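Whenever a hint applies, use it, and build me the whole structure from the sequences.
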Amino acid sequence: MAVSKILGSVDAVHAAMAAQNYVADRGLATAVFLAAKLGKPLLVEGEPGCGKTEIAKVLAAATGGELIRLQCYEGLDASAALYEWNYAKQLLTIRLHEKERAPKDLESEVFDERFLLRRPLLKALTADGPVPPVLLIDEVDRADEEFEGLLLEVLSEYQVTIPEIGTIKATAIPFVVITSNRTRELSDALKRRCLYAYLGFPSLEKEVAILRKKVPGLEDGFARDIAAFVQRVRGEEDLVRRPGIAETLDWAAALLALGERGVTRELVEQTLGFLVKDAQDLKALPPARLDALLGTP
Amino acid sequence: MSPEISRAAVSADLLRRLAGFFDFLRARHLDVGVGSQVDLARALDHVSVLDRDRFRDACRSTLAKSPADLSILDDAFEVYWSTTPVVETGATPRPRAPTSRPPADGGLESISTPPIPTGTTVPIGIRMGVYSPDAPGGGHTLPALDPRRLAAMRIGARTLRRAIATLPGRTSRSARRGRIDLRRTMRRAGRTSGELLDLRRARNRRALAELLVLWDVSGSMRDHDAVLAAVVYNLRRLVRRTRVFAFSTEVREVSAVLSGMPYRISLDALARALGPAGGGTRIGRCLRDFRREFGRLVHPWTTVVVLSDGWDLGDTDLLGREVAWFHEKAHRVVWVNPYAREARFRPETAGMQNALPHIDLFLAPSDFETSSESRLANR
Numbered sequence: 001m002a003v004s005k006i007l008g009s010v011d012a013v014h015a016a017m018a019a020q021n022y023v024a025d026r027g028l029a030t031a032v033f034l035a036a037k038l039g040k041p042l043l044v045e046g047e048p049g050c051g052k053t054e055i056a057k058v059l060a061a062a063t064g065g066e067l068i069r070l071q072c073y074e075g076l077d078a079s080a081a082l083y084e085w086n087y088a089k090q091l092l093t094i095r096l097h098e099k100e101r102a103p104k105d106l107e108s109e110v111f112d113e114r115f116l117l118r119r120p121l122l123k124a125l126t127a128d129g130p131v132p133p134v135l136l137i138d139e140v141d142r143a144d145e146e147f148e149g150l151l152l153e154v155l156s157e158y159q160v161t162i163p164e165i166g167t168i169k170a171t172a173i174p175f176v177v178i179t180s181n182r183t184r185e186l187s188d189a190l191k192r193r194c195l196y197a198y199l200g201f202p203s204l205e206k207e208v209a210i211l212r213k214k215v216p217g218l219e220d221g222f223a224r225d226i227a228a229f230v231q232r233v234r235g236e237e238d239l240v241r242r243p244g245i246a247e248t249l250d251w252a253a254a255l256l257a258l259g260e261r262g263v264t265r266e267l268v269e270q271t272l273g274f275l276v277k278d279a280q281d282l283k284a285l286p287p288a289r290l291d292a293l294l295g296t297p
Numbered sequence: 298m299s300p301e302i303s304r305a306a307v308s309a310d311l312l313r314r315l316a317g318f319f320d321f322l323r324a325r326h327l328d329v330g331v332g333s334q335v336d337l338a339r340a341l342d343h344v345s346v347l348d349r350d351r352f353r354d355a356c357r358s359t360l361a362k363s364p365a366d367l368s369i370l371d372d373a374f375e376v377y378w379s380t381t382p383v384v385e386t387g388a389t390p391r392p393r394a395p396t397s398r399p400p401a402d403g404g405l406e407s408i409s410t411p412p413i414p415t416g417t418t419v420p421i422g423i424r425m426g427v428y429s430p431d432a433p434g435g436g437h438t439l440p441a442l443d444p445r446r447l448a449a450m451r452i453g454a455r456t457l458r459r460a461i462a463t464l465p466g467r468t469s470r471s472a473r474r475g476r477i478d479l480r481r482t483m484r485r486a487g488r489t490s491g492e493l494l495d496l497r498r499a500r501n502r503r504a505l506a507e508l509l510v511l512w513d514v515s516g517s518m519r520d521h522d523a524v525l526a527a528v529v530y531n532l533r534r535l536v537r538r539t540r541v542f543a544f545s546t547e548v549r550e551v552s553a554v555l556s557g558m559p560y561r562i563s564l565d566a567l568a569r570a571l572g573p574a575g576g577g578t579r580i581g582r583c584l585r586d587f588r589r590e591f592g593r594l595v596h597p598w599t600t601v602v603v604l605s606d607g608w609d610l611g612d613t614d615l616l617g618r619e620v621a622w623f624h625e626k627a628h629r630v631v632w633v634n635p636y637a638r639e640a641r642f643r644p645e646t647a648g649m650q651n652a653l654p655h656i657d658l659f660l661a662p663s664d665f666e667t668s669s670e671s672r673l674a675n676r
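Protein chains in written order, with our numbering: chain A, 1 to 297; chain B, 298 to 676.
Source of the hints: derived by calculation from the structure; they are not laboratory data.
Hints should not be assumed to be uniformly reliable.
Said to hold, decoys possible - Here are the computed lysine-lysine pairs in the BS3-like style, where the Cα-Cα straight-line distance is at most 30 Å:
1. A:K37 to A:K206
2. A:K283 to B:K626
3. A:K123 to A:K99
4. A:K214 to A:K277
5. A:K57 to A:K206
6. B:K626 to A:K277
Quick caveat: nothing in here was measured; it's all calculated off a predicted structure.
Below, the structure written as structure tokens:
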């Protein structure tokens, strides 16, 4: 199906995401649709493990576009995100031709696109496939604030300026998804260039729907029991890290692999590590408290 | 409104109403920039305003930039685009404090922000709790420190940054292991007629730190507000990854008012943001609240700096447990006590005694001044 049709309306986006087993609410489908229509990046913030990264994967799968991922980290810079010169290749070329060419000619030759190593951002701009790629800039809050400055030209003009070559413009505007866990505030300049969506913890009904879609073989009643227990755990105020959807899915898959069909205290005790991934939180959930959460005497 | 909006397929009447909506949002402290206005107008080419839910979703996607914005926008949307006429009460529109935790699914149903009385100054940043029986009136006055003393404290803050740096900076140093350093390799090749005989490697120096500053602004600390404000200001300026939280009987984030502003302007903004000075301090409870809400910000590379005299009127065992948690999770726990360098000072308060075993660095504000630089570095 053509990309214009897949992202042609809010309902079409909703259906396309559902076809990829992603349970999106109406607000998220509208944000994705508008980001595609307006050609703007989509900034998705929210709780860890609630499906932010998955949006880009789902869109790539739905449109058939290449998924180009840039995982952000402390110290990420232009050479890892944008481009780098292939120094080894340049050196070899100089050594090969140093006797027959003038140094000035050689200099202009080695600063050519052939000697450019394309990193994810440049790769997304210069992709020449039939379908625009999906560029995922994951966990941008982990990168330095200076890196956000680097993103500004890419995200607003869809172009990159390389001093030795000039400006490279995007052949087709990629669909850009930026995710953040809100460990720090992003700059206003970056936020201004993006449309915004927030993914919080899902409601019970939505979590049951996600479990049914993502964990094959899970019966409705069992899925509801699992989701209800997770919702109650999330409601505990003193937990440092509340379980996200990713943890719920891991836990459900583990329970299913154990051949279980119901949530019991013993089972929860044995498998709580799938759901609660902080030692302090595990200590804070002794058997008596698990009983209370399960509603058993 | 931007002239670009007039090109959108929206009627003149709708344009007027949209302009009014943007003003309505600004009055509620949601700053809608021209770029966002243009985005919404362009979005209305694709989303019908007659579909109320889709229209609201379009507003949420284009105008909001944070969970707090979403809650303001949801409320404002309900009022402004209500099908029933809005009753004018004559009162000026009041901003609402952002909720302590974003709503599940970004929805409206889980928002539970208490109403704010008319005339109350709403502080900048995130607030947890609004009313406290222990917090008497009386604002914070933050007199400016002598510029030379401020500059001296900056040197101390820089020394502390070096001492607690955990993150790689931008400068590199030669190392046996690490990435190949092409620049040094090429330079070395120059000694051997261009032959690459020796691959040089480099690593980035550890030069950056991440700080969480928890600042006690209760009544007992009032005499030290000015000097501690200078410490906080310098730390925020020198360590870019710094978030500052003020507490007395509640915790609130004040990082935003310390960003990129001159010292005196920052002090004024800080005094407004801190609001009334609390009398009773519940350090343990505040640290617990902080852990619950912002515990995810504490990493093995984060240093937690607590500025407090340790006078806890609440559960002092709780204070010990909470500091122990920070000690376990963070890189370092630094406690800055205004009385630490006084000759007669003994950490005899129950709170301080419980916290001390878990503190890595116990400092006084004077340690940040130049004369104490070596003392700070040696600690």
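Results of checking the hints against the structure:
1. Of the pairs offered as hints, the one joining K37 (chain A) and K206 (chain A) holds, with about 27 Å between alpha carbons and a cut-off of 30 Å not exceeded.
2. Distance check on the hinted pair: K283 (chain A) and K626 (chain B) sit about 15 Å apart at the alpha-carbon level, within 30 Å; holds.
3. Proximity of K123 (chain A) to K99 (chain A) is assessed by CA-CA distance (about 34 Å); at most 30 Å being required, the pair is judged violated.
4. For the given pair, K214 (chain A) sits about 21 Å from K277 (chain A) by alpha-carbon distance, which is consistent with the 30 Å threshold.
5. For a cut-off of 30 Å, the pair hint linking K57 (chain A) to K206 (chain A) stands: about 20 Å separates their Cα positions.
6. Between K626 (chain B) and K277 (chain A), the direct Cα distance comes to roughly 14 Å. Compliance with the 30 Å bound is thereby established for this hinted pair.
Against the hints set out earlier in the document, a violation occurs for number 3 only.
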